[in-house]
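> Here are the chains, one letter per residue:
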Amino acid sequence: MSYVIIGNSTAAVGAIEGIRKYDSSTPVTVVSDEPYHTYSRPLISYYLGGKVTKENMIYRPLDFYQRNNIRTMLGIKAMSVDYSNKTVLLENGEKLGYSKLLLATGGKPFIPPMGGLDKKNIFNFIKMDDVKAIEKVAVRGSKAVVIGASFSGLKAVEALVKRNVSVTVIDIMSRIMPRVLDDTAAAIAAKTLKDHDVKVLLNNTVETILGEDTAAGVLLKDGTKIDCDFIILAIGVRCNTDLVKDSGIKINRGIVVDEKMQTSIPDVYAAGDVAEGYNFIEEKMMEIAIIPNAYYQGETAGANMTGGNKTFNDGFIMNSMPLLDLPIISAGISEDREGIEVISKFEPEKDTYKKFYISDNRLVGYLLINEVDRAGIYTDMIRNQSDITALKTSLGAEGFGFINFPKDMRKEKMQKGGAA
Amino acid sequence: MSLDYSTSEFTINRDKDRCIDCQVCVRQCANEAHYYDDEEQKVCSDEHKCVNCHRCVTLCPTRALSIKKHELEFRANANWTENAIKDIYKQAATGGILLTGMGNDRPYPIYWDHMLLNASQVTNPSIDPLREPMELKTFLGRKPESLKVENGKLAEKLPPQLELEIPIMFSAMSFGSISLNACKSMAQTAYENGIMYNTGEGGLHRDLYKYGRNTIVQVASGRFGVHPGYLNAGAAIEIKIGQGAKPGIGGHLPGEKVEAEVSLTRMIPQGSDAISPAPHHDIYSIEDLRQLIFALKEATNYTKPISVKIAAVHNVAAICSGIARAGADIIAIDGYRGGTGAAPTRIRDNVGIPVELALAAVDTRLRDEGIRNQVSIVCGGSVRNSADIIKAIALGADAVYIASSALLTMGCHMCQKCYTGKCNWGIATQDPNLTKRLNPEIAVKRLTNLLHAWSHEMKEMLGGMGINAIESLRGNRHMLRGIGLSDRDLNILGIKAAGE
Amino acid sequence: MLQREGEVRIPSGCAISGIMNKKGKTFSGVDIIRSISLMHDRSNGLGGGFAAYGIYPEYKDLYAVHMFYDDKNAKDAAEHFLNEHFDVEIGGKIPVRKVPSIVNAPIIWRYFLNPRKDKIMESELNEDEFVVRCVMNINTNMPGAFVVSSGKNMGAFKAVGYPEDVGEYYMLDTYKAYIWTAHGRFPTNTPGWWGGAHPFTLLDWSVVHNGEISSYGANARYLEMFGYKCTLQTDTEAITYIFDLLLRRHKLPLDVAITAVASPFWSELERMTPEKQELVKAVRAVYSSLLINGPFSIILGSRNGIVALNDRIKLRSLVAATKGDYLYVASEESSIREVCADPDRLWAPRGGEPVIGMLEGADNI
Amino acid sequence: MDNNKVSNRKRIYAKEEVCIGCRLCEVHCVVAHSQYKNDIVKAYKKSPQRPLSRILVEETRPVSFGLQCRHCDDPKCVKACITGAMQQDPDTGIVTNDESRCIGCWTCILACPYGVIKRDFKGRKVASKCDFCIDLGGSPACVKNCPNEALYVDEVRVLNNEESKEKGGTAK
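Protein sequences appear in the order of chains A, B, C and D. Mapping to the working numbering: the first sequence position 164 is 164, numbers consecutive. Mapping to the working numbering: the second sequence position 474 is 474, numbers consecutive. Mapping to the working numbering: the third sequence position 53 is 53, numbers consecutive. Mapping to the working numbering: the fourth sequence position 22 is 22, numbers consecutive.
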């Protein structure tokens, strides 16, 4: 018996903790092409922004592997998997046998076609190595172009602003963070960016990247030219399925798994950004590239690799994203749709915005800007799909809390404590 | 609006070095004597509103508060005292009757404090309650002249009796005058300690039926909440004729206190004043009382002792003799120091007589008539401690009623503002913001503590007198000596002077 | 000057002793005198006395009334009263011997008499009750006159002095009785009044008692509701009346009466049958005022026998013994052994546990 | 392994029926997390930066109650935390936030079903939450000092691993 985990990020850690909860003895091997102790990928922007030191990047304490009795093969790329012989071929030629395998290879950047991508000082924004490279060029006074005004793009912007780099961010869509924010919310966020002298160009794309062998600017679709010293590509992330591409495993946008995180191949599991998951609000399989989801998928896979019977089928999108001190929290549906009731409260003077999406008396999504306290109560409403008819009127009210719940509903909740 | 002569009664002292402006006092004062000044960013007080209930003082986490009598002096005048003058101002302003709460606070003599107990020396041994059994069990109810025993068996059953583990009962306090939590606390304490509590004229809330066998249900002039289920729910029924705090006066529960539960329990419309007439309009004479007593016995199939409660008034002895002969099984005498949720000040302070004298007179009279064993005597009206109880029993009482002591145990601080309905201790109020301040779990613990403490003390005193069963003290006036009393007082109390 | 019994409540300690023959065989007072005199130190010379049953066989159907008179006037008044209510068969001095230590003797007289039928008719009382009322009347309303005993075929002999001297004084060696009880007194503050000495008697009840009961006030005030006048304010008097009330007037069985005066503790209740529990509860509820509290050991005498009893936590000494038909009870073992060297059985009864000596053929005491 | 042992996990519960809304729990929570744990006056008057109360009192008269971290068996905040600063002690089940590693991304606030994690803006903004007063030892300050016993600590029954595995403790 032996377990092999390919990947070393959130899903992998979830899997390790999931496995060790039930099985403390069976050998576990973690393989990753990154040479680092498990670290938190979302922290790269905070690292670049100087909020966390290299030491604090770690996602679990340094004795994590040893305490959980894990064998690590870090900095070694996995090349392919032989399902019939149950082995993983490593770049060093070694063949690693497994009885249960977890694919947690995460995501990879999506790069649209454009000219001049071969130049230097063009970076992705996903891994430690990306920011290590960026910090060399992102010096005070330098100029940067960030392509993509969604989550990761804006985290890059934030980091650069903290490093006193003058930034221009470009997005093809008509507003920033189009998948999360509506026009009103986007306006508030844009205002914050403006306050920090960030130039935002929307409805626009990069035709080509200018410069000799090093990027020196971009030429936009509308003909405008922008000088810069380096470029960050943050258009989006795709499931990193390279390892198992054409291996016969069922892949849609990501690796297809069931609610026990099992793939179409026996004894092979997948979790995290590489896998799809069931989004119970959208009621379909899709990638849910967020930390909590990655952790739960990993934990579930781990438990089941030990022969458990754990299921995870209630993932949904949720994000907390403070943009340059502007707190933004959202979960579930975040766009107006047919048949979905919307309650929203906008207070321009306070720059607060609260929006709730309700479908037959159940909360299916919300967005909070600035006043985000106790947001989790709403998240929980989505998760539990509880009937909120009684609460509709008080949603988003000042000091909203359990006090607004009907007594029996409240009692039940508070007595249950947090017992999940 | 013309000038208001009223001045502050108290001064609130806030030690600024200790006050942390946490506003606990602000949140706790139902009279709004404390408030937070947003501009000054600090807690301030309007002492004019302070009733000196100590709620804030007790809860202040830094002990920053103290309350003193307001220093404002009138020119010294032994006749026109501050109270006398202020009362005039109040009535001149309102044109109304002066109201007050709790018991008579005038400096009349307290006879309990003029009686001393005996103890054994040499000629017979005192008994150590820690080593020897010491019995407090008491039976209330009519006792036959003699027992019929045939071949080792009781030939005739006894009339219904109340069996008390300790000769103490919580006296009548209605749900309405006090909160349901307060009633609950006493009911459960009675239940756990084998004694009785009394519903007063408030009816019996549905949550309290389960304490029935420790409940005395009261029937008073308003007949509030009285129905067959109610009469049969309790262990005994008490006909309330009068109350020590306001002899000859009925009761008045203001409509504000009659919220949903109260109205349901009293069977009166919500928000309507609950007015108990001064007399029972079906009792204008002793023979009418007899009819009611037997009506109630019929209604409960002669299974429950009937108590009759009267205020101690001038010819109490003769009245009690009549009550005994009218068929009552228990007579409750309420002295002029007895408490109340609301009474006209003048009545409370000037009507009735001390329970000590009334008790002695009644016990003597009933014995002279040879009918003392036909009724049990319960005395109330400011029984403040275990010594008062021992003295009452030595004078002739079978048991005592306590109310003020019980309220103090639950948090009352004797501010005498019960009638305002703003009791900061959650006792004499129906305001849900205030009633929840009385946590029955805590109150039951405290009441039980009090009963235990008093039981221990009573046992010590009994042991000292060489007595190991409370009944050997009942009417045993040899165990009492008077101090600083006139011959007349001694004669009425039926005791010798200290030294005799 | 000191107040005497009746004017003030006088508690006292004491010695008691009793001897009976269950077959009713009579014997002289010699033994009882020896027995009580051995406990000389338990008394202080301020009172001693005896009760004797079966001493007047020839007048056994007449009430034998022993009297003390302070003076001639008291005697005349009392005799006038007696003649009014009774047919007096015989009256005369009770014979005495001169004993140096016995002084200030009152006029000591005895009468054998029968209630007058007409008086009984108009009083609508039975004989015994009639006699009781008369005794109460004399003791309450006739200063200087005191009824020492009033039973049939029995008598009380008492005086101020040590019991052995009192026995000598009354020549008890010349009387023969089947029950003797004796008392040596240690009062704390009496001038020594003859009437105050023990035993105390009523009809043919006699009580000798050692102790000071703390329930006296409760007991006395309850008795007074039933017409008893506790004129002497002594425990012995109250105890006598308690038994008269329970046994003669309320006709309760002896064990029930004992339950009343020396009740079992509530804690002992659960060990009883439900029926018994109900009875005990009732007794304690109804006769609670007759519970005798505080230390006592008593010997209750009647024509049918004796009952010796301790308070329920045995705060006074009491020893009992049997030898053949003889039953001995006393404060101290030595005073039994003095007259009965090797008893068949000797024991110390537990608190509240009565020693009952019933005359053969008698059904209740 | 005993199949339904009572865990040594404890949780604080509120009795709203007897909560008097005095907010002494907040006062004592502040003191317990200040540098003057035994001196309320100093804790308030001397602390350069007075800590936040980690218990919050919800009130709409007459109803009120105190609420603090439930220390969930399946702590959503821990699993959502992007830095690993939010951790649960495997034995006591107590969830604490290592404020030195917290970066104030508020993902825990997004995840906490009870909304009992506060944003603390003093110093480097971090998430602030109930730590069960572990370094105080004994019962938490809010419970100890509630004048009406409206807060109490109770043991939590948890199922041991074997069982929860069968049951499949789903993440829900």
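To be clear, the hints were calculated from the coordinates, so they are not data collected in a lab. A couple of the hints might just be wrong.
Claimed, not checked - Lysine-lysine pairs mimicking DSSO-like chemistry, simulated, CA-CA at most 27 Å apart: (1) B:K42 <-> D:K15; (2) D:K10 <-> B:K42; (3) C:K93 <-> C:K176; (4) A:K407 <-> D:K42; (5) B:K42 <-> D:K42; (6) D:K46 <-> D:K144; (7) C:K93 <-> B:K153; (8) B:K445 <-> D:K125; (9) A:K411 <-> B:K69; (10) D:K46 <-> A:K413; (11) C:K176 <-> B:K148; (12) D:K122 <-> D:K37; (13) A:K54 <-> D:K125; (14) D:K15 <-> B:K16; (15) D:K10 <-> B:K445; (16) B:K90 <-> B:K69; (17) B:K16 <-> D:K10; (18) A:K260 <-> A:K199; (19) D:K118 <-> D:K45; (20) C:K281 <-> B:K297; (21) A:K108 <-> A:K132; (22) A:K108 <-> A:K77; (23) B:K68 <-> B:K86; (24) C:K176 <-> B:K137.
To be verified - Reference listing, derived: stretches of chain D covered by chain A, where coverage requires no fewer than 3 residues with Cβ under 8 Å from a Cβ of chain A: (25) 17-27; (26) 41-52; (27) 131-145.
To be verified - Simulated restraints on C-beta separations: (28) A:A187 <-> D:T60: 32 to 38 Å; (29) D:G137 <-> A:D195: 29 to 35 Å; (30) D:Q35 <-> A:R253: 49 to 55 Å; (31) D:Q35 <-> A:K350: 30 to 36 Å; (32) D:K46 <-> A:D183: 46 to 52 Å.
Glycine included, every Cβ here is placed at the ideal spot set by N, Cα and C.
> It remains to establish, for every hint, whether it holds in the given structure.
Hint by hint, here is what the structure shows:
1. B:K42 <-> D:K15: Violated, because 30 Å separates the two Cα atoms, which is more than 27 Å.
2. D:K10 <-> B:K42: Judged against 27 Å, a Cα distance of about 38 Å means the pair is violated.
3. C:K93 <-> C:K176: Holds, at about 19 Å.
4. A:K407 <-> D:K42: Outside the cut-off at roughly 39 Å; violated.
5. B:K42 <-> D:K42: holds (17 Å)
6. D:K46 <-> D:K144: holds (23 Å)
7. C:K93 <-> B:K153: Distance of about 49 Å is beyond 27 Å: violated.
8. B:K445 <-> D:K125: violated (45 Å)
9. A:K411 <-> B:K69: violated (45 Å)
10. D:K46 <-> A:K413: violated (38 Å)
11. C:K176 <-> B:K148: Distance ~38 Å between K176 of chain C and K148 of chain B Cα, so the pair is violated.
12. D:K122 <-> D:K37: holds (19 Å)
13. A:K54 <-> D:K125: holds (19 Å)
14. D:K15 <-> B:K16: violated (33 Å)
15. D:K10 <-> B:K445: holds (25 Å)
16. B:K90 <-> B:K69: holds (19 Å)
17. B:K16 <-> D:K10: violated (39 Å)
18. A:K260 <-> A:K199: violated (45 Å)
19. D:K118 <-> D:K45: holds (22 Å)
20. C:K281 <-> B:K297: With a Cα-Cα distance of about 23 Å, the restraint between K281 of chain C and K297 of chain B holds, given a limit of 27 Å.
21. A:K108 <-> A:K132: Roughly 17 Å between the alpha carbons, so the hint for K108 of chain A and K132 of chain A holds.
22. A:K108 <-> A:K77: holds (15 Å)
23. B:K68 <-> B:K86: Distance ~18 Å between K68 of chain B and K86 of chain B Cα, so the pair holds.
24. C:K176 <-> B:K137: At roughly 48 Å apart (the allowed maximum being 27 Å), K137 of chain B and K176 of chain C break the hint.
25. 17-27: Since 0 is below three, the answer is violated.
26. 41-52: violated (count 0)
27. 131-145: violated (count 0)
28. A:A187 <-> D:T60: 32 to 38 Å: Hint holds: Cβ distance 34 Å, inside 32 to 38 Å.
29. D:G137 <-> A:D195: 29 to 35 Å: violated (47 Å)
30. D:Q35 <-> A:R253: 49 to 55 Å: About 53 Å separates the Cβ atoms of Q35 of chain D and R253 of chain A, which means 49 to 55 Å holds.
31. D:Q35 <-> A:K350: 30 to 36 Å: holds (34 Å)
32. D:K46 <-> A:D183: 46 to 52 Å: holds (49 Å)
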